[in-house]
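Visitor: This is what each chain is made of:
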Amino acid sequence: MRAVAAACVLLTGCFYIDPIFPQPHYQFTVQPDVISRGGMVTLSAQLKNTETQAGSFEWTVKGCTSFQGNAATGCDDPPFYPPPGNTDDSASTVQVGIPPAMMSGAKIQAIVVTLDARSDRGAKALPENTNEVYAVGNASPVLDLHRESHSLAVGGPIDVIAAYSDIDGAPGDVTLGWTVTAPPSAPAASFESFAIAQDPGDPTHRKAGRRLIPTAEGTWDVEVSARDPEGGTTTHHLALAVVPDQPPCLRQWLPTVPPVGATLPVSVPTVFQVPLVDDDVDPYPPIGAPSQLAFAWSILRPGASRREVQAGATGNAIVLDPAAFTPGDLVELRVEIADRQRAPLPCDDAALTCSIPSSASCLQRQTWRVEVR
Amino acid sequence: MTGARWIAHGWLALALAGCGMGAGDAPGAAPPDGGGSGSGGPACAAQIDVAQPVPVAAPGARLHASAQPRGATQFTWRVQFDGTPIDFQRSVDGAAIDVAVERAGVYILGLDVPGCSPAVEPVSVAMPGAVTQTMRLQIVPPQGAAVPPIELLRDVKGGADFDLGAISALTGRLIQVVVLGPAGGVPAYLQFSPGAAPDAIIEGFADESGVAAVQLPQGAGTYTVLAVPSVTGLAPRRFPGWSPSVALRVDAGLRVSGTVVRPGVPGPADAPLAGATVRLVSDGVPSTPAVTAADGSFALHAVPGVTVTVEVTPPDGSGLPRLSATSTAFDLTAPVQVQYAANPGQVDLDGTVVKRQGAAVAGARLTVVGALATAGTVTAGAMKVASGQVRIAATAGAAGALPPTLVPRGPLAAVIEVGPGDRAVTPFDTSGGAPASLDAPPMQLITTAVTDGSAPGLPGAVIDLVPTGALAMAAAPVLRLTAGEGGTIAAALPAGGHYQLRFQDPLGRGAPMVVADRPITAIASSYLLPAAIRLQGTLLRDGKLALPGASVQLLCSACTGLDAALPLASAVSGADGRFALAVPDPGTR
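Respectively, the protein sequence lines represent chains A and B. Position 37, counted from 1, in the first sequence is what the numbering used here calls 37; the numbers after and before it change by one each time, with no gaps. Position 6, counted from 1, in the second sequence is what the numbering used here calls 6; the numbers after and before it change by one each time, with no gaps.
Each hint should be verified, as a subset may be incorrect.
[Stated by the list, open to error] Partial selection, computed: residues in chain B whose CB lies under 10 Å from chain A: (1) 54; (2) 199; (3) 209; (4) 236; (5) 322; (6) 419; (7) 420; (8) 462; (9) 472; (10) 516; (11) 571; (12) 572; (13) 574; (14) 576.
[As the list claims (entries may be wrong)] To spell it out: a stretch of chain A is covered by chain B in this simulated footprint if at least three of its residues, at any positions, have a beta carbon under 8 Å from a beta carbon of chain B; those stretches are: (15) 131-144; (16) 283-291; (17) 334-344.
Don't read these hints as lab results, they were simulated from the structure. Yeah, the Cβ is synthetic: ideal placement off N, Cα and C, and Gly gets one too.
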């Protein structure tokens, strides 16, 4: 009778067997291979032996003060991941920022990663209660290089500013190494440090500066290495494409210069001035650094054959007092400018204006023809 | 365009602008990047609204700012103070921020909204008890910008850096101005002084046909115009309340005639003074110059005025002072009679030897200067005593001896130029006659330093030495000295000279300072520049685009004459239109 029943069941297909899966397990990976304080790690897990390979993942990461023989000691009790209040993260991949220090302030030397993974049916994945330990290394200093200069011209100062910090150390313990590489056959150049005010509101960052005065055109390379006491080093380069110094250009003059054939009547003491000069190295007014722009004023008195240089009048303004002349006198007042190259002007003395690059838009000489009234 | 949506409908996909265009609207042909306008620029401009009043700096004080447009989905804020980014609190939707403003100064708020042009809003947070001071700025846009100059008077609060906000420089309108004389167009120099900003002078020249093209400010304002014809026989004229549509008509004006006489040489009888140049200044408008004929007569052209100054420049070699008399009672329709006084007589310097430390100085240039309270009289309906100014120049010969040179008798001063830039000032009393020699003391070395109170001084700071007294009368130039290492300055200056000292630090570490007329021996061993604040602002062309390359000068607001025209500090606007000047700190109460 039993045999009959069993045969009947088998033959009719009414028999159902639910498949039985083995207990799931997981594999997880940590990237990058080398973990440093202040850096980010990506924790990824994959479930095996599950129907859908979906599930929930509960990550915890603790910081520890010691790492020896693949074991960590001195771990903080509360994990730093997940952050307090954030318990909903059940993703298979998480990104975790490694704090530079323990709760005690000591440097983190290792992290312990614990994963509690479950399949979507709630089965706990193997291995259970396994703590993976990873060494945490030194964070190299953070370095940023930039230049502050009006231009990149031969002879003009170029301030190279290094802003640096050390996420797992004091910025004051970081040492900087500066190297400048000149273009081939360039004469020796000055590359001196200069004082920079530190931001008292930001003690975690420091700045240092060197002033390069290039001596030749071409590409100059400034290399700066920031090294912390543990040997962590960050090196950056700053390429400076230095161009030849250009002549200065008068950009504004007051009062207006009369057109050819006309004269400017002056009946009261009058300030003649050059408020603006464009120059790649020596602009006026100066920008950031003292300018070596030189103004030279001269006057051609009525009946005189020679211009009289106003010795000592090296500023951008001069006063013409008509009382020093007789009403009706014609006087020529001239200003000429030169940057630190002190290039001589190529023009005849009679020329009212003059331009080194033979471009009317860039004058180094201007002349007012004044009629004393 | 923000919020563009793609709707797939079969093979057709249409981009619909999210800004008010729904699926039922005509889809048009807007490209996916939303650049339907063809301008390529952002569709909107972000804007920062700062809650008013801006709080005064204090613990717990907060500055509130909100963003426009409000409907945006993302707001990126930045706040800088003193060049450093600082933290702030943002509202839940990110459209507003609160900034703790415990420190006074300029907070630069920045806002980025996707699809909109960014906004930057500098906000000045004042110190408690800040004193307000009016400052005068002159802004001259770059040449060729077609923007007339601007003159500003702005209240500046002390105690901390201050931002003037946006300053709009309006594009001018090119006006053709016509100067007409009795026979048609007249070449002339023109000076336009806007009624709203009299010191924002605009200059121009009318050509031979009398036409000048001038960039004048926008608007319906009037001007005071000074026209100085370049042809003889036409009087300069001032046109108050001038409107640009009106031609400037000049004419001969009032024909003023008269004579210039001097005491007889020798003898008491008056003698005509030939070769003297006479000019009038009538309410600030100069006349044409006239040179006296052999009989001392002259005729010039002037415009009538209330306050009239008559000036006579004697011919070289006469030994007479320049003569000047000002009166409101002169009647220019009456003959103008100029009478040089008989006193104080004259001295001839012929043969006087110019020496330095006992040695004759060949080629020395001597300028005898002095002021005389009474030099003569001017009568034009009314009589007025004229003062005199002595400015008589002579050049010594190879042996250092002066040629025949008449100078007035009396207490005068001599400015001796031994060589280029090498001057000396010495008292020169000719009351007792001409001296046998005249000593030019050597240049005197002065040392001083410029500091802001901190070691090691202010290298790069400058002092402009503006000559005063005898040096000014002898037309000595303004000298510029630049501080070297440690802020020190050493320079050789004319012994006996007086200067006004104008300090400025181009790098803005201290405020500009003016030290009034003093002898070089009284120049102090160091000068402490006053505390400065950074006065900042943004120049915008027509209120929109940054205006780079404009000069911005701080000028004295309470001065007259040259002191009002000499800049105290200068700056240039950068690519973003921003400028910064170091100005004296008005302080706090």
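Visitor: Does each hint fit the structure? Answer for all of them.
Guide: Right, here's what the structure says about each hint:
Restraint check, residue 54 of chain B versus chain A: the minimum CB separation of about 21 Å is more than 10 Å; hint violated. A least Cβ separation of about 12 Å between residue 199 of chain B and chain A goes past the 10 Å threshold, and the interface hint is therefore violated. At a threshold of 10 Å, the smallest CB-CB gap from residue 209 of chain B to chain A is about 13 Å, leaving the interface hint violated. A hinted interface residue such as residue 236 of chain B counts as satisfied when its beta carbon comes closer than 10 Å to some beta carbon of chain A; here the least separation is about 8 Å, so the hint holds.
Because the closest C-beta pair between residue 322 of chain B and chain A is about 7 Å apart, less than 10 Å, the hint holds. Nearest Cβ of chain A to the Cβ of residue 419 of chain B: about 8 Å, under the 10 Å cut. The hint holds. Restraint check, residue 420 of chain B versus chain A: the minimum CB separation of about 4 Å is within 10 Å; hint holds. Annotation: residue 462 of chain B was flagged as interfacial toward chain A, and the flag holds, the nearest CB pair being 7 Å apart, inside 10 Å.
Below 10 Å, beta-carbon pairs count as interface contacts, and residue 472 of chain B has one with chain A at about 7 Å; its hint therefore holds. Violation of the interface hint for residue 516 of chain B is found here, the shortest Cβ-Cβ separation to chain A being roughly 16 Å, above the 10 Å cut-off. About 6 Å separates the beta-carbon of residue 571 of chain B from the nearest beta-carbon of chain A, less than 10 Å, and the hint is met. With 10 Å as the threshold, the beta carbon of residue 572 of chain B comes within range of chain A, its nearest partner Cβ sitting at about 6 Å, so the hint holds.
Contact between residue 574 of chain B and chain A, as hinted, is supported at the beta carbon level, the nearest pair being about 9 Å apart and thus within 10 Å. Residue-level restraint check for residue 576 of chain B is violated (minimum Cβ-Cβ distance to chain A is 14 Å; threshold 10 Å). Counting residues of the segment 131-144 of chain A whose C-beta sits closer than 8 Å to any C-beta of chain B gives 0, which falls short of three, so the coverage hint is violated. Using a Cβ-Cβ cut-off of 8 Å, 8 residues of the segment 283-291 of chain A lie near chain B, which meets the minimum of three, so the contact claim holds.
Check on the segment 334-344 of chain A: 0 of its residues sit with their Cβ under 8 Å from a Cβ of chain B, so the three-residue criterion for coverage is violated.
The structure fails hints 1, 2, 3, 10, 14, 15 and 17 (numbered hints given earlier, in ascending order).
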